Amino acid sequence: MANLLRKKENNTFIIGSPYFIWVVIFIVVPLIMIFYYGLIDRNGNFTLENIAAIAQPVHLKALRLALWLGVIATVICLIIAYPLAYILSQTSINRYGFVVFLFILPMWMNFLLRTLAWQTLLEKTGVINNILVFLRLPPLNIINTPAAIVLGMVYNFLPFMVLPIYNSLLKIDPNIINAARDLGANSVKVLQKIIFPLSLPGVISGITMVFIPALTTFVISNLLGGSKILLIGNVIEEEFTHAGNWHLGSGLSIVLMLFIIVNMIISSIFDKTGEGNFL
Amino acid sequence: MKNKFYAKKLIVLLFALAFFAFLTAGCGGKDGPNGRVVVYNWGEYIDPDVLKMFEKETGIRVIYDEYETNEIMFPKIESGSSNYDVLCPSDYMIQKLLENDLLREINFANVPNAKEHIGAEYFERSLEFDPTGTYSVPYKWGTVGILYNEAMVSGPIDSWAVLWEEQYSDSILMQDSVRDAFMVALKLNGFSLNSMDENELLIARDALIAQKPLVQAYVIDQVRDKMIGGEAALGVIYSGEALYTRQENPDLAFVIPKEGTNVWIDSWVITKNAANPDNAETFINFMCRPDIALMNFEYITYSTPNDTARSMIEDPEIRYSEVAFPNLADFYGLETYRFLGAEGDELYNQLWKEIKSW
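Chain order of the listed sequences is A and B.
Every letter in the first sequence is one number past the one before it in the working numbering, and letter 2, counting from 1, is 2.
Add 1000 to a position in the second sequence, counting from 1, and you land on the number used in the working numbering.
Bound conformation, chain A alone:
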C-alpha cells in the first residue's frame, strides 16, 4: 500500500514537471531578477532607494491615480457584470453557452488592436463623433482623458468579471432557492440571503482579475490617454525603456507587487474553495 502511494506521488511529480519548469523559468527567475535589480544601485551596491522612490511626489501621484482609476473601472465592471451574469445564468438564451461564447469571442483578438480600435472610435474626427455630428448631437470629447482610460479598462477587462460571477451563479443548487421560496422568502430576500452570498467567491475573484491588470496597465493609458496621463505602470515602463533605469523600474515594481499581494490575500480569505476561478 505504501509502495503504491509512493508510486502515485512519483507520477504526480513527473506529470507536474513541465508546469514546475515553466513556473521556475517564467515566474521565479524573473521575480528574483526584479528583486536583484530593485535592491541595488547603478554601482552594484545594496540600496533601498529604488523602493523608497515611490514616496517621490511624481511616483506617488501616478500610483494614486492608478489606484483610483483601477477602483472606478472595477466598480463599473461589477455593476455591469453582476446583472448580466445573473441573467445569463437564469435564462435559456444561453442554453448552449452561446452568449458566453459571444463574450469570449473578442478576447481572441489582440488586446492592442482592440485598444487601438477604441482610439480610432473616440478620436475628435473619429467614427463615434462623425455619427454624433451627423445626428446633430454634440461631439464626445473624452479621448486623451482619464474617462477614456477607464472606458478602455472596462471594455478590456469586463469578461474577467462576468465569467467568474457567471460560473459561481451556475453552481448554486436551485433546490436551495426553491427551499427559500417555500419558506416564504420573496425575490429580494432570495437574492440578498442566498444568491449574493453564494456568488461572493466569483465576485471576489472577478474583482481581483479586473483590479490587478487595471492597476498595472500602461498600454491602455498610453493609447487612450495620449501619453498625457501617467499611471504607475507608465512610470515603470518608461524606466525600463526610454529612461533605461532598470533599478528604479524594478524598485517600483516591487512596491506595486505589494498591492497585488494584498489584493490576493483579501481574495483568498473570501474564496477559500477557489470555486470562483473560471478556468
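Derived from the structure by calculation, the hints contain no laboratory data.
On a predicted model such as this, the values are computed, not experimentally measured, just so you know.
It is possible that some hints are incorrect.
Simulated pairs of lysine to any residue, SDA-like, Cα-Cα distance not exceeding 25 Å [what the hints assert, rightly or not]:
| hint | chain 1 | residue 1 | chain 2 | residue 2 |
| --- | --- | --- | --- | --- |
| 1 | B | K1076 | A | L112 |
| 2 | A | K124 | B | K1212 |
| 3 | B | K1052 | B | N1083 |
Covered stretches of chain A, as calculated for chain B (at least 3 residues, CB under 8 Å) [claimed, not checked]:
| hint | segment |
| --- | --- |
| 4 | 122–134 |
| 5 | 199–205 |
| 6 | 226–234 |
All C-beta atoms in this analysis are idealised placements derived from N, C-alpha and C, irrespective of residue type, glycine included.
Fit chain B to the given chain A structure using the hints.
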C-alpha cells in the same frame, strides 16, 4: 457515447498539435548561403523591397527588427542580450554608444559606396559625434519642425510660440520623446538644445507644463497619421515626413521655426559584438548604392545624404525641394544633439516625468 467523447478529445488534440507545428514552423528558418545579418532600424525606415533585393543579390539573409526611439534601442544593445549587427541611431545616440564602447570600427575599404556617393559635408558634420569618422555612415538627415494644417490655422506659422497659443488648444501634437520635447521649449526661450544649465532646464520644464493643457497628445509615429486625418492643427515632426504627409493631405505644410531647431543625422553603425561584421559592411555598402538610396528616399521620403541618388531624382520639384533638401545656411539656430552623459540623461528624464505627471 464513449466513442464520441474520445473523438471530441482527439479533434482537440489534433488542433493543438497543428497549432504547435504552425508555431514552431515560424521560427528558426534557414540562413542564406552567405549567412545572415541582423539589422535593428527605426520603424518604417526602409523600402521592404530593398531588403528582398539585398537577400537575392548577396545571399545574405536579413533579420530585421524595428524600434520607435533611440532611447528604446539603447538598453537592448547595452545589456548585450541582443545579437544585432547593424543599427541606425541618431547622432547623439551614436556618441552615447561610442562612449559606452558598444560600436565597432567600419572598414571603409569594404564600404566603397559610402565615400563615393555620400556628400563629404555629411561626414564632416558626423565628426561632431563620431570624432574619428570611422564608426558611422550617414543614412538619412533632416530637421525637426512644425507640420500644420493650412485650413485649421490663422496667421503665419513661423515660430515655436504657436504651440503655446490658446486658440490651438487640443489641436497640438507634441513629440513623446524627451530630447525633442525639451528642444522645442529650450529653443523657444533662446537656449541651446544641449543645455545642461539647471535654470534653463527648469524654465523649459515650466514652459512644457504650461503647454500641457493645450496639447492633444504626446505621440511619435502617430503625428503623421493624425495630421493627415485632420485630427490636429499643429504637430512637431521630423522633416522627412513633410513630403509624404503633403502627398496624402495637400493642406499640410512644414516649417522650420525661426528660433532654430535640431539638425539630425541617422547613420549606420556596427555593434561591438556583431557576429557578422563582414555581412554588416556588405549591408551598409548596399544601402549606399545610389539606386538603393533612391528607392529608400522615394519610399520613406526622408532626406538622403547620398548626392548621387539625389541627382537621380526625376522630379525637379523634389530634387530641389526646400523641404526635402533645405540649405542649412539659410536658417538660424540650428544645432545637433549631443549626448549629455548619464547625469544629463537622468536630469532630463526626471524633469520629463514631472511634466508627464502634471
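Notebook entry, point to check: Checking C-beta pairs, does the segment 226–234 of chain A have three or more residues closer than 8 Å to chain B?
Noted result: Satisfied; 5 residues make the cut.
Check: Do three or more residues of the segment 122–134 of chain A come closer than 8 Å to chain B, measuring C-beta to C-beta?
Finding: With 3 residues close enough to chain B, the hint holds.
Notebook entry, point to check: Given the proposed pairing of K1076 (chain B) with L112 (chain A), does the C-alpha separation stay at or below 25 Å?
Noted result: Since the Cα atoms of K1076 (chain B) and L112 (chain A) sit roughly 23 Å apart, the hinted pair holds (cutoff 25 Å).
Notebook entry, point to check: Given the hinted pair K1052 (chain B) and N1083 (chain B), is their alpha-carbon gap at most 25 Å?
Noted result: Holds: K1052 (chain B) and N1083 (chain B) sit about 21 Å apart, inside 25 Å.
Check: Holds or violated: the segment 199–205 of chain A covered by chain B, criterion of 3 or more residues with Cβ-Cβ distance under 8 Å?
Finding: violated (count 0)
Margin query: Would the hint linking K124 (chain A) and K1212 (chain B) be met if the CA-CA limit is 25 Å?
Written below: 18 Å, holds
Violated hint: 5 only; the structure is consistent with all others.
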